[in-house]
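Peer 1: Given the coordinates of chain A, assemble chain B onto it according to the supplied hints.
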Amino acid sequence: MALEVQTLESAVVRFAGDSGDGMQLTGSQFTNSTALSGNDLATFPDFPAEIRAPVGTTFGVSAFQINFGATSIKTVGDQPDVLVAMNPAALKVNLSNLRKGGMLVLDEGSFTTRNLQKAGYADNPAEGDTLDGYQVIKLDISKMTMEAVKEFGLGNKEALRCKNMWTLGLMLWMYTRKRQPVIDWLEKKFAKKPEIANANIAALNAGHAYGETSELSAHIHQYEVEPVHAEPGIYRTVTGSQALSWGIAAGGELSGLEIMFGSYPITPASPILHTLSGMKELGIVTFQAEDEIAAICAALGASYAGALGVTSSSGPGIALKTEALGLAISTELPLVVINSQRGGPSTGLPTKTEQSDLYQAIYGRNGDAPMPVVATRSPGDCFEVAIEACRLAVKYMTPVMLLTDGFIANAAEPWKLPDLDAIEPFPASQAKTPEGDEAFNPFLRDEETLARNWGVPGVKGTEHRIGGIEKSYDTGHISYDPANHQKMTDTRFAKIDGIAGDIPDQVVDQGEDSGTLAVVGWGSTYGPIEEAVKRARADGLSVSHIHLRYLNPFPKNLENLLGGFDKILVPEMNNGQLKTVLRDKFLLDAKPFTQVSGLPFKIGDLLSAIRAEIAS
Amino acid sequence: MNEMTTPQEKLTIKDFTSDQEVRWCPGCGDYAILKCMQRTLPELGATRENTVFVSGIGCSSRFPYYMDTYGFHTIHGRAPAIATGVKLAKPELDVWVITGDGDGLSIGGNHLVHAIRRDVDLNILLFNNQIYGLTKGQYSPTSVVGTKTPSTPQGSVDPTLNPIAFALGSGARFVARTVDTAQKHMPDVFKRAHAFKGASFVEILQNCIVYNDAIWEEITNKKTAPDHQLLLEHGTPMIFGAERNKGIIFNTKSFALEVVTIGENSVTEGDILVHDETSLQMARMLGDLGEKPGEPAPMGVIYASEADHSYVDAVRGQMDSEKGKRTLKDIIRGGQTWVVE
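Chain order of the listed sequences is A and B. If you read the first sequence in our numbering, its first letter stands for residue 372, the second for the next number, and so on. If you read the second sequence in our numbering, its first letter stands for residue 15, the second for the next number, and so on.
No lab work stands behind these hints, which were simulated from the structure alone. A hint or two may mislead.
[Claimed, not checked] Think about it this way: if two alpha-carbon atoms lie no more than 25 Å apart in a straight line, the pair counts; the simulated SDA-like pairs of lysine to any residue are:
id: 1; chain 1: A; residue 1: Lys549; chain 2: A; residue 2: Tyr581
id: 2; chain 1: B; residue 1: Lys24; chain 2: A; residue 2: Pro805
id: 3; chain 1: A; residue 1: Lys831; chain 2: B; residue 2: Gly59
id: 4; chain 1: A; residue 1: Lys787; chain 2: B; residue 2: Gly59
id: 5; chain 1: A; residue 1: Lys787; chain 2: B; residue 2: Glu355
[Stated by the list, open to error] Coverage of chain B stretches by chain A, computed from C-beta distances (three or more under 8 Å per stretch; other residues unrestricted):
id: 6; stretch: 72-82
id: 7; stretch: 104-110
id: 8; stretch: 121-127
id: 9; stretch: 349-355
[Said to hold, decoys possible] To give an idea of the interface, some chain B residues facing chain A are shown, with a C-beta separation under 10 Å as derived from the structure:
id: 10; residue: Ala93
id: 11; residue: Gly99
id: 12; residue: Lys101
id: 13; residue: Asp344
Cβ coordinates follow ideal geometry from the N, Cα and C atoms, glycine included.
Just chain A, with the same shape it has in the complex (with noise of 0.2 Å):
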């Protein structure tokens, strides 16, 4: 006889396998299902830079997890209640993070001694007493995968590859989550190759069947998540590439200009690239470059002859268009800058997340050189996040850098649609041909927003030649002389100050607007910051979270704000970057903690800082 099905608040699913065996598949087919659920969630694709790293390996392992709950979902959970390991190298790699206790689902046909020998175990840990203290599930999924899709008359390989599905299909059945998504998903990727789809929905209700049918449901139990008490509207699941692509056409309608969006491949930034290419019918032109200078270069040409120029990117890629920022600076165009961070220096990890490249966007020139920066926080923040870039590159004349990064990029929650129609439009204003004999200059500023006249080419009348030489503040042409200089190079920075005027102030997120701790943190850690901060205060501690998407300038009353707090905490993804920012702008005593893991904070390990130090 079954087990009853149990409810849970939340719980954490990771899935682990060899690159090829499609965990990234399974995983976001399993998000799919469990946002139609209704269910809060957030996920983590974690996979190598090696598209095909050797079969077995350790290094060759992906993974996907995901945390889904019926209440508020931040993270995406420090530890999984689940691990299903498709290989001998996928449970070695993943093992010591199981929560003690937790469910282990392994592929038992994968288990030979060459794949065992590949993974680095001497012994078979299914076996042994390693997994001692686990609730450990050990099946031969590639054999009944085998059985279930053997009517179809796939070869070996095929026949095997279908195992993800089986899993998936057990895995649906074990959180009471629908297969029929899963299965209009199979029939339409695989349209024109009827047996491949007919074959994987078999594996996948063979997967479904043996949970429900075996001697499993016996001892195990089914689980159910209930739907989450959400704001009313209609959602989807979005990824960050995907919600900043989409913010990044809104802003082309919102300014009444056309995207000029130029790009160069590089992980994690091209899904981007991709979006965009796939939104032609926007009037969005896309080109990819023959390297990353000729990318933003194609886009800041683009932005002198009357368009919005966008680029994007990442920390290597970024370093290379430096050059070409300055001359967006000094000539005063409009232009979007994105750059989805990854692990550094150099090549660093490609496909791991980081938040180190803070002092590039904020300094990372040659010369007095300001730009706005801005920071998305999650998948669906980089919508609006998006947008704010454009709209401040076109009223204020400047690039702007967009800081997301490799975790955002990638990673998945559920999003409410937002209405277009509600947004405030920005028109953009160019130079019409002048009256009379009035001659154009291009460096006329706008008395409140310090922008300079942007005159297009196509417009008679309105002729002019700029350049990234210094140009003379009253006539626009070059000039060499020093006090202009000075005016120039001080004009640059109260344009850019100014902003703080037009943003709006900073709020708290958790807590009050004084107290003990203030933890200031900004990017992909608001999640596991907000989750550490209200554990750290349902422990009655007097702790407020405050995060930044506008890190140049800062809000107008960022510095009263964190003089309040007693102590100032800056968790980062990095070696302490907006600690020194905040130190240096407010002479403040801001401590950082910090991680360069490649991986996401933990909410325990934040919150042991966070008792740390107010202990302190």
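Peer 2: Chain B only, in chain A's frame:
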């Protein structure tokens, strides 16, 4: 867009001359090229508002400041990439790229390759003076071996890059050469480059009077020029020389072009190759001509073969064919959605 359909006013050289004082060294070859451009644009029916000059860094790259059109003086080597962006955003503009042998062939070589390969409808003028002028006279990729400069006091050892071969190797469909002093020849080359749909690459032999004076002397000196220049004209035999008795033949045994004298070794005018500017094979051989002693430097349009469609049209055509099919709202709602009530 102008709302009034007033008859096109007749523009003159003055209309294309900006109010900025020209700051090249006295006697620099750039002056002649600038004047020629200012004089030729009205003849092309160009308008100031639809003409854009994009340049990189170097002496030649100051060019845009002196043209009363739109101008963008950018960063070292990147003009072709920036110009590509200008053209993609506003295909109706006439975009000229001004670059030099250091800017275009050294630091910016990659961008030049790809602007040419894509066949972006740009008019690319490369001023070749075989030297870095603005940084005070270091050798460049086109300097001849043995050039003594501050950075090569014992003479340069790097082999020389041939701009014409470089362009053809990149897939250029329009390649021409002219020289700064040729005030009659240069406008014709500009006109051809301008009329060509696609990337037009023009090498302009230009004299740097301060750091590399007289390198083109044999070609520009009236006395020696006839023997050192081969003025190309499509459909006309490649005859040159002060006596008009020298010509180019194709030697089938050496598989190369060869200089011959008409009347010697039973060579007649009928043996001389007729220039066919649509022949890529001939263009490649002409690109190498002039490197050996006794060979003339081909001048004029070496190769011109328009593609069936333009790159920018193709890029924008992909957008136009999709236009209106989905809105941003459709895209955002495109995935699987659910409703929370």
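Peer 1: Against this structure, judge whether each hint is valid.
Peer 2: Against the structure, the hints:
{"no.": "1", "hint": "A/Lys549 - A/Tyr581", "result": "15 Å, holds"}
{"no.": "2", "hint": "B/Lys24 - A/Pro805", "result": "20 Å, holds"}
{"no.": "3", "hint": "A/Lys831 - B/Gly59", "result": "15 Å, holds"}
{"no.": "4", "hint": "A/Lys787 - B/Gly59", "result": "55 Å, violated"}
{"no.": "5", "hint": "A/Lys787 - B/Glu355", "result": "12 Å, holds"}
{"no.": "6", "hint": "72-82", "result": "holds (count 4)"}
{"no.": "7", "hint": "104-110", "result": "holds (count 3)"}
{"no.": "8", "hint": "121-127", "result": "holds (count 3)"}
{"no.": "9", "hint": "349-355", "result": "holds (count 7)"}
{"no.": "10", "hint": "Ala93", "result": "8 Å, holds"}
{"no.": "11", "hint": "Gly99", "result": "3 Å, holds"}
{"no.": "12", "hint": "Lys101", "result": "8 Å, holds"}
{"no.": "13", "hint": "Asp344", "result": "9 Å, holds"}
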